[in-house]
Amino acid sequence: TVFPQPQDAEHSQDNGLKEITARPEWDNKVQYLLTCIGFAVGLGNVWRFPYLCQVYGGGAFLIPYVIALVFEGLPLLHMELAIGQRLRMGSVGVWSSISPYLGGLGVASMAVSFLVGLFYNMILAWILWYFFHSFQSPLPWSACPLNLNHTCYVSECEKSTPVNYFWYRNTLNITPNIETSGSLQWWLVLCLASAWCIVYICFIRGIETIGKAIYVTVTFPYLVLTIFLVRSLTLSGATDGLIYLFTPNWETLKNPTVWLDAATQIFFSLSLAFGGLIAFSSYNAQKNNCERDALIVGCVNSFTSIYASIPIFAILGFKANENYDDCRNWNILRLTNAFNIGDENITLENYNDWLNYLNTTDPSEVQSLELKTCDLQTFLDQSATGTGLAFILFTEAVIKMPGSQVWAVLFFVMLFSLGLSSMFGNLEGVLTPLLDLHMVPSWMPKEIFTGLICLTSFTVALIFTLGSGNYWLEIFNSYVGSMPLLIIAFFEIISVVYIYGINRFNDDIEWMTGRRPNIYWQVTWRFISPLMLLVVFVAYVIVEAETQPTYNAWNPDYVNFPLADVQYYPGWVFAICVLLSVLPVVSIPLVALYKFTGFVKNYIMNRHNQNPYADEL
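Be aware that the sequence shown starts at 1, since it is given in the UniProt record's numbering, and climbs by one per residue.
Hints were generated in silico from the structure; no laboratory data involved.
From a predicted model like this one, the values you see are computed outputs, not experimental measurements.
Hints are not guaranteed to be accurate.
Listed next, the in silico DSSO-like pairs over lysine-lysine satisfying Cα-Cα at most 27 Å (straight line) [as the list claims (entries may be wrong)]:
| # | residue 1 | residue 2 |
| --- | --- | --- |
| 1 | K29 | K212 |
| 2 | K400 | K159 |
| 3 | K212 | K400 |
| 4 | K400 | K372 |
| 5 | K372 | K159 |
| 6 | K287 | K29 |
| 7 | K595 | K29 |
| 8 | K212 | K159 |
FRET-style restraints, in silico, Cβ to Cβ [to be verified]:
| # | residue 1 | residue 2 | range |
| --- | --- | --- | --- |
| 9 | K287 | V535 | 34 to 40 Å |
| 10 | G571 | T378 | 17 to 23 Å |
| 11 | T336 | C197 | 55 to 61 Å |
| 12 | G403 | L146 | 47 to 53 Å |
| 13 | P445 | I494 | 35 to 41 Å |
| 14 | I542 | K212 | 43 to 49 Å |
| 15 | P441 | P248 | 55 to 61 Å |
| 16 | Y594 | E546 | 32 to 38 Å |
| 17 | N602 | C299 | 45 to 51 Å |
We put the beta carbon where it would ideally sit given N, CA and C, even for glycine.
Go ahead and model the full structure; you've got the sequences and the hints to work with.
This is the structure we're talking about:
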């Protein structure tokens with residue numbers, strides 16, 4: 001490495017140190033912390049964590065989640081912030097300076113950041129589309145549209161729901177399977193272009209403009225979440241949602257999948273191995289307490305996940321109660337007409353008594369009515385993750401809230417702010433390594449180079465605006481943001497502990513923070529975190545190998561529509577899935593092999609120069 005030893009850093013005047021001290025820095029500490037928090041806290045905190053809590057035993061899920069945070073998330077977070085701050089380079093420069101053979105590790109992080117940024121900004125485009133429509137009264141997803149003859153409602157909408165129809169048909173115009181590509185949807189192209197323009201404007205001068213935008217994009221979601229929290233707790237049925245969320249089901253802890261999902265959730269939630277955190281910390285002053293920063297960012301991230309779950313599930317509890325009442329009202333109407341009972345005689349309060357009575361006196365007549373099965377627990381079970389939570393379940397709940405337009409606007413502005421601050425980290429994970437490697441031509445301004453990256457990303461991401469775009473986005477999300485990050489993180493911690501040297505790393509931290517890492521950091525870095533990463537990786541591979549991957553298709557011709565048409569990926573699509581899992585990390589062995597062949601070549605040439613007749617002898 002060209003970097004000076006910690007104890008000599010303040011006094012050294014070599015070229016390496018001059019380059020370090022000339023690096024731009026954050027305006028203040030708050031700006032840096034908000035940027036790291038904004039990168040870590042993203043859409044997954046709002047729509048992934050609540051889902052996992054609901055599926056895996058409510059409060060019981062917090063046990064494996066906290067264990068994964070303590071023994072996997074925080075140690076890796078501290079390591080990335082410390083190594084980036086000490087060496088003051090992006091991911092490629094950091095790992096190349098530790099060892100030339102590790103240069104591929106930084107390239108892998110850069111590739112993952114680029115690929116994740118492609119589909120992540122497409123989600124922001126969808127959010128913009130819903131945001132623009134949230135000002136309409138009534139909301140466009142509140143009722144089914146009429147057909148071309150204006151004689152009845154569109155059958156696809158009637159068979160499903162207005163919310164589903166607006167998402168799958170009006171927004172995505174989705175094809176019945178991934179093999180049917182469909183055409184570019186012009187409205188999504190415009191929204192995607194708008195999303196990339198906003199990212200570019202905020203990112204145009206690097207940390208100078210990011211640092212200003214981050215004050216809004218990070219703090220505003222907490223304001224909106226607080227408003228939603230207060231409002232949601234006053235809704236009828238909110239208590240049912242909260243009880244459902246936080247009632248622990250200890251039996252679920254026996255399921256190994258719970259522990260696997262907890263480990264991956266905390267890992268991906270903190271945005272580890274993307275290179276963005278290393279890049280952000282590289283703009284810090286070297287005399288900075290990176291240990292405290294890691295604890296702040298990690299704890300705020302986890303607190304946000306729990307804090308966001310409360311209003312989300314309070315609103316979903318409200319929605320479940322509304323659907324439960326609608327179901328019983330529909331049955332009441334059928335019973336009233338069939339048995340000539342006055343409307344005043346059957347109400348929601350005495351519905352169960354009447355139903356039991358009629359089932360006893362005339363069961364055949366009741367059965368012929370084909371009444372709906374109304375069960376509150378069933379409606380509470382109808383949760384979803386990812387886009388399903390944001391664009392289906394929550395939008396349906398908003399319809400039934402007073403002042404629905406206001407809540408819809410607030411919700412989608414909050415989601416956009418969360419996603420935008422995460423996009424800063426994804427783009428920084430690409431741009432900083434390229435700048436550190438002097439890949440930008442000397443005649444090209446940084447603003448132009450950043451614009452070219454955004455333009456290239458927009459062009460590639462047009463695949464997500466096709467009719468089959470949602471299917472491809474799910475593939476990118478599942479395969480780019482999973483196994484490659486586990487591999488990168490494992491090699492990162494092995495590189496720091498066993499190649500850079502744990503003692504040298506401890507010296508660096510002591511020089512930067514004024515104290516040596518305690519026994520907790522030592523044990524997790526040396527043993528626990530690498531072992532957990534290895535176990536999670538092996539478990540992930542086993543789970544993937546045991547099942548043939550499928551996807552949920554929206555197919556109006558499916559016999560059980562509107563249920564999802566579960567289809568297997570075609571062979572060529574599955575090959576792309578494998579490629580997306582392998583391609584980002586293939587640079588790790590390739591760069592190491594390239595450096596090794598160069599070393600062997602230089603060794604032979606040096607030996608030949610020392611003895612020109614060696615080959616003849």
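Go ahead and decide if the range 17 to 23 Å is satisfied by the Cβ distance of G571 to T378.
violated (37 Å)
May I ask you to test the hint 35 to 41 Å on the CB atoms belonging to P445 and I494?
holds (39 Å)
Given the hinted pair K29 and K212, is their Cα-Cα distance within 27 Å?
holds (13 Å)
27 Å Cα cutoff - pair K595, K29
Violated - the C-alpha atoms of K29 and K595 are around 38 Å apart, more than 27 Å.
Does K212 pair with K159 here, judged by a C-alpha cut-off of 27 Å?
Roughly 48 Å separates the two Cα atoms, so the pair is violated.
Do the alpha carbons of K400 and K159 lie within 27 Å of each other, as the hint requires?
holds (20 Å)
Compare the distance between the alpha carbons of K287 and K29 with 27 Å, and conclude whether the hinted pair is satisfied.
The hint holds at about 12 Å.
Quick check on a hinted range of 34 to 40 Å for K287 and V535, using CB atoms only.
holds (37 Å)
Given a hint of 45 to 51 Å, does the C-beta separation of N602 and C299 actually sit inside it?
holds (48 Å)
Given the hint of 55 to 61 Å, check if T336 and C197 actually sit that far apart at their C-beta atoms.
holds (56 Å)
Holds or violated: K400 to K372, with C-alpha atoms at most 27 Å apart
Between K400 and K372 the Cα gap is close to 21 Å, so the pair holds against 27 Å.
Is 32 to 38 Å right for how far apart the beta carbons of Y594 and E546 are?
Because 36 Å falls inside the window, the suggested range holds.
In this structure, the hints that do not hold are numbers 3, 7, 8, 10 and 12, in rising order.
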